[in-house]
Amino acid sequence: MSPAMPRAEYVASDGLGLTAAVRAGRVSARAVTDAALAQIAARGPAVNTFTTVLAEQARADADRVDAAIAAGRDAGPLAGLPFAVKDLFDVAGITTLAGSKINRERPPAARDAAAVAALRRAGAVLLGALNMDEYAYGFTTENSHYGPVRNPHDPTRVAGGSSGGSGAAVGAGLVPLTLGSDTNGSVRVPASLCGVFGLKPTYGRVSRAGSTLFAGSFDHVGALGRSVRDVTAALDLMQGPDPEDPVCSSRPAEPCLPLLGEGVDGLRIAILDGHFARGGDPEAFAAVGQVAAALGVTRRVTIPEAHRARAAAMVITASEGANAHLADLKRRPQDFDPLTRDRFLAGALVPAAVYVQAQRFRAWYRAVVADLFGQVDVLLAPTTPCPAPRIGQDRIVLDGVEVLIRPNLGVYTQPLSFIGLPVLSVPVTRPGALPLGVQLVGAPFREAHVLRVGALLEAKGVVAAAVSA
Amino acid sequence: MTENPTPEELGAYVDETAKRIGLPIASEQRPGVIQFTGVLLASAALVMEFPLPDDVEPAPVFRP
Numbered sequence: 006m007s008p009a010m011p012r013a014e015y016v017a018s019d020g021l022g023l024t025a026a027v028r029a030g031r032v033s034a035r036a037v038t039d040a041a042l043a044q045i046a047a048r049g050p051a052v053n054t055f056t057t058v059l060a061e062q063a064r065a066d067a068d069r070v071d072a073a074i075a076a077g078r079d080a081g082p083l084a085g086l087p088f089a090v091k092d093l094f095d096v097a098g099i100t101t102l103a104g105s106k107i108n109r110e111r112p113p114a115a116r117d118a119a120a121v122a123a124l125r126r127a128g129a130v131l132l133g134a135l136n137m138d139e140y141a142y143g144f145t146t147e148n149s150h151y152g153p154v155r156n157p158h159d160p161t162r163v164a165g166g167s168s169g170g171s172g173a174a175v176g177a178g179l180v181p182l183t184l185g186s187d188t189n190g191s192v193r194v195p196a197s198l199c200g201v202f203g204l205k206p207t208y209g210r211v212s213r214a215g216s217t218l219f220a221g222s223f224d225h226v227g228a229l230g231r232s233v234r235d236v237t238a239a240l241d242l243m244q245g246p247d248p249e250d251p252v253c254s255s256r257p258a259e260p261c262l263p264l265l266g267e268g269v270d271g272l273r274i275a276i277l278d279g280h281f282a283r284g285g286d287p288e289a290f291a292a293v294g295q296v297a298a299a300l301g302v303t304r305r306v307t308i309p310e311a312h313r314a315r316a317a318a319m320v321i322t323a324s325e326g327a328n329a330h331l332a333d334l335k336r337r338p339q340d341f342d343p344l345t346r347d348r349f350l351a352g353a354l355v356p357a358a359v360y361v362q363a364q365r366f367r368a369w370y371r372a373v374v375a376d377l378f379g380q381v382d383v384l385l386a387p388t389t390p391c392p393a394p395r396i397g398q399d400r401i402v403l404d405g406v407e408v409l410i411r412p413n414l415g416v417y418t419q420p421l422s423f424i425g426l427p428v429l430s431v432p433v434t435r436p437g438a439l440p441l442g443v444q445l446v447g448a449p450f451r452e453a454h455v456l457r458v459g460a461l462l463e464a465k466g467v468v469a470a471a472v473s474a
Numbered sequence: 880m881t882e883n884p885t886p887e888e889l890g891a892y893v894d895e896t897a898k899r900i901g902l903p904i905a906s907e908q909r910p911g912v913i914q915f916t917g918v919l920l921a922s923a924a925l926v927m928e929f930p931l932p933d934d935v936e937p938a939p940v941f942r943p
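Chains as they are written, first to last, in the numbering used here: chain A, 6 to 474; chain B, 880 to 943.
Everything labelled a hint here was simulated from the structure, so no lab data went into it. Every residue gets a Cβ at the ideal spot worked out from N, C-alpha and C, and that includes glycine. Heads up, none of these hints are tricks.
To be clear about the criterion: a stretch of chain B counts as covered by chain A if any three or more of its residues have a C-beta under 8 Å from a C-beta of chain A, and this derived list gives those stretches:
#1 885–898
#2 917–931
#3 934–942
Dumping the calculated EDC-like pairs for lysine to aspartate or glutamate here, alpha-carbon to alpha-carbon at most 20 Å:
#4 A/335 to B/895
#5 B/898 to A/333
#6 A/335 to B/907
Among the chain A residues that face chain B by a calculated CB cut under 8 Å, a handful are:
#7 313
#8 319
#9 323
#10 353
#11 361
#12 362
#13 369
Chain A on its own, in the form it takes in the complex (with noise of 0.2 Å):
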């Protein structure tokens, strides 16, 4: 038995620096996941980020780790790098509850979902399911069955979401690595209030099998965590074509973390103007101002329509959820969480014709983009238009404007996932200030682009995940 893991150690390092320990043997998986179950416990109930702790589970597969290196077996890349998935993805033997009461009444997972099979096959240990909104309509994490989940960074104020659980968890080191989902911001939101790195791939790069779907047009899974080269990993392993996921790409798996220290020489990046560049505190536009300096970055590119965009994403999302619910929205709304429950049924009355006219917009749109990433490879924007509000704070005045707080939270990524672009958002340093993110925004399938402009700035310290362990 190898000694217990300080929790000094354990919440200093990012996941793949835990597994190269493991690795090496100076340290047990079994230890880390001690170390893990045992921040989870001290810290956890503080942000309410876990709905289900796996702790015999956890202590099972990193024996397994530990019982392979003791073997001279290959462990896995991630060998014992305890991670956590939203309540979305299955997992085998626990109910899917998706921030949902209702779900509660099926019955558990038969298998887990390919996201969290992925991770684990690679050695990585799962210590559980973690908070979200209910059905990921929201970007607060506000839930009202199982309590809001808090900011690490300050316990009053929300983490984002609605994967903010999956922010919260890295934020408060419980563990260095989660996946969420990410249909208009679910990911980059969170990332960004919660001062994490978040990145969500191109749509279709990684299969959805296996998870709880919120609006199919626009979901995409994807990782949160410690490091540029932890949520890498992560992609790496979880990219790639699923027959068992309609959307998946055919495109095979090209790996992005060997190409993570190729630097920025070549990329031609510019900052978004124009809708991304207003209805914003000037904090967020400092943020972005940051992150270019030290790219040396001055020019300035448009998306046009990018507000029009943003409102064909609500339309689609507010269709397609509400059809996926419709049969409870109809038997049993009582049992919705009311923060949810009015966008949902309001949803479920949108005529058809504006439905396949936002469906058009959004080809339109792509090709538009399209020829925009003919003259630019990597674009920069805000991710939140300003750090984490209040919990129960309705609305915020950005830009001179009252506005409602929780929509406008997916402001600058939803005109983005909307097209499907592959981003990368990244915390950015601000000692003594709120963590917030900025957006670097790729071609689709260019991840290696955006994850290489964050390697780079995460080299210089322009940007690092901030833990409050």
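We have chain A; now place chain B onto it with these hints.
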């Protein structure tokens, strides 16, 4: 629906459309549903007013 519907017009739209698809809306939920319907129809107006070329097909592609 007019371009800037009044709350009464929105309420009538919600009541009629919900009835046609058999979606009961309780009185305590009605104000919230009307509010979000207003938000969605404002987004819908932005989408519908944009002149798209005739040859633009919807983004999703079905592969038999």
